[in-house]
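Chemist: Below are the chains, spelled out letter by letter.
Protein chains: 2
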Amino acid sequence: LEKPFQVTFAGGSEGLWKVQEIRNVRGEGLPVVERVAVYEGEAPREAGIWNLRGIVGHARYTGRGEQDALAKVQAGLGRPEALCAVLIPIRKNRKWWDLAQDERRQIFEEKSRHIAMSLDTLPAVARRLHHSRDLGEPFDFLTWFEFAPEHSALFDDLVEKLRKTEEWDYVEREVEIRLRRA
Amino acid sequence: LEKPFQVTFAGGSEGLWKVQEIRNVRGEGLPVVERVAVYEGEAPREAGIWNLRGIVGHARYTGRGEQDALAKVQAGLGRPEALCAVLIPIRKNRKWWDLAQDERRQIFEEKSRHIAMSLDTLPAVARRLHHSRDLGEPFDFLTWFEFAPEHSALFDDLVEKLRKTEEWDYVEREVEIRLRRA
Numbered sequence: 005l006e007k008p009f010q011v012t013f014a015g016g017s018e019g020l021w022k023v024q025e026i027r028n029v030r031g032e033g034l035p036v037v038e039r040v041a042v043y044e045g046e047a048p049r050e051a052g053i054w055n056l057r058g059i060v061g062h063a064r065y066t067g068r069g070e071q072d073a074l075a076k077v078q079a080g081l082g083r084p085e086a087l088c089a090v091l092i093p094i095r096k097n098r099k100w101w102d103l104a105q106d107e108r109r110q111i112f113e114e115k116s117r118h119i120a121m122s123l124d125t126l127p128a129v130a131r132r133l134h135h136s137r138d139l140g141e142p143f144d145f146l147t148w149f150e151f152a153p154e155h156s157a158l159f160d161d162l163v164e165k166l167r168k169t170e171e172w173d174y175v176e177r178e179v180e181i182r183l184r185r186a
Numbered sequence: 005l006e007k008p009f010q011v012t013f014a015g016g017s018e019g020l021w022k023v024q025e026i027r028n029v030r031g032e033g034l035p036v037v038e039r040v041a042v043y044e045g046e047a048p049r050e051a052g053i054w055n056l057r058g059i060v061g062h063a064r065y066t067g068r069g070e071q072d073a074l075a076k077v078q079a080g081l082g083r084p085e086a087l088c089a090v091l092i093p094i095r096k097n098r099k100w101w102d103l104a105q106d107e108r109r110q111i112f113e114e115k116s117r118h119i120a121m122s123l124d125t126l127p128a129v130a131r132r133l134h135h136s137r138d139l140g141e142p143f144d145f146l147t148w149f150e151f152a153p154e155h156s157a158l159f160d161d162l163v164e165k166l167r168k169t170e171e172w173d174y175v176e177r178e179v180e181i182r183l184r185r186a
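If you're matching them up, the sequences are chains X and U in order. Letter by letter, the first sequence follows residues 5 to 186 in my numbering. Letter by letter, the second sequence follows residues 5 to 186 in my numbering.
It is possible that part of the hints are untrue.
Pairs count within a copy or across copies, as identical chains cannot be separated in the list.
What the hints assert, rightly or not - Okay, derived cross-link-like pairs now, DSS-like style, lysine-lysine, Cα gap no bigger than 30 angstroms in a straight line: (1) K22 - K115; (2) K99 - K76; (3) K165 - K115; (4) K99 - K168.
For the record, the hints were derived by calculation from the structure and aren't laboratory data. Since the structure is predicted, the reported quantities are computational estimates derived from the model, not experimental observations.
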């Protein structure tokens, strides 16, 4: 990655992605909108009814071995067959952020196998993480997933497993926005 | 920390801190100014000739043991005797940011003893780190140090030692702004 860049997900009446469903999984939800537009870099002011911003930057937990394993099977965004996308904004609680780096890593991977489970779904389910916490946003992370319709079950299974992990005990707000390319 | 907050260091003609010296240590320097104003939260638009922004957030490398050790001797900012401050903006190169978390940690602490050396100067030299990289700023980090005049040598020694570490091989831009409370 040359340098970090900002992405805005604007929920409103415009954009490439039609909303199929907004599931308010935990905590305060998000208003229903028709479409989501994804802006890399500068976004129009007040682009949507809600605008979620995050930064694509360096990885915070992956070790070298994991990073190499991920790179080998990584899939990019925008594949023609990837007609399904899901945006999952998440906020973790204060207890999580008060943990030290080694404690967070321990829960994240050694106990919850977050990276290993994501690896299992690659390259079918492409994924991009956006960091929002330092921007003063309402969520800490925005994860964007893209996959072909025939891999929907694989994606559902991944999300279901992640929600049962110890890591998810620290999630205090979560919304799942299911999208289909228009 | 309840939640992350933004800090702006505005170099210009206003502010509590009088500039003693601006040393352009590596890479492009910063224009000389008379004073530096420190704004926590919202800063006035175009407050200074240069404005450096960063986020005070969670620690990225410290383990639990280190975090506890630091907390025990931590010193706050704004102590009456701390008449000296130094602001050190730093940018690391792409090679650093392409490293995995375990590789960065290895260089940062196991090889360069960054945390251990900082611990040695506490509580005399108070320190606050501001993360700038994800904000699209010209520097990746802004570190602010505060100490009483009689601890200047201790501070000088810390900075000198840090600059000789392997971690510093990855620093491509560094400025040292020496300040005195007005």
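Chemist: Against each hint, give a clear statement of whether it holds in the structure.
Modeler: Tested hints:
1. K22 - K115: Answer is neither: 36 angstroms inside a copy and 50 angstroms across each miss the 30 angstroms cutoff.
2. K99 - K76: between (34 angstroms within a copy, 20 angstroms between copies)
3. K165 - K115: So K165 and K115 pass the 30 angstroms test inside one copy only (13 angstroms; across, 38 angstroms).
4. K99 - K168: Intra 18 angstroms, inter 36 angstroms, cutoff 30 angstroms: intra-copy only.
Going down the numbered hints, you'll see the structure goes against just number 1.
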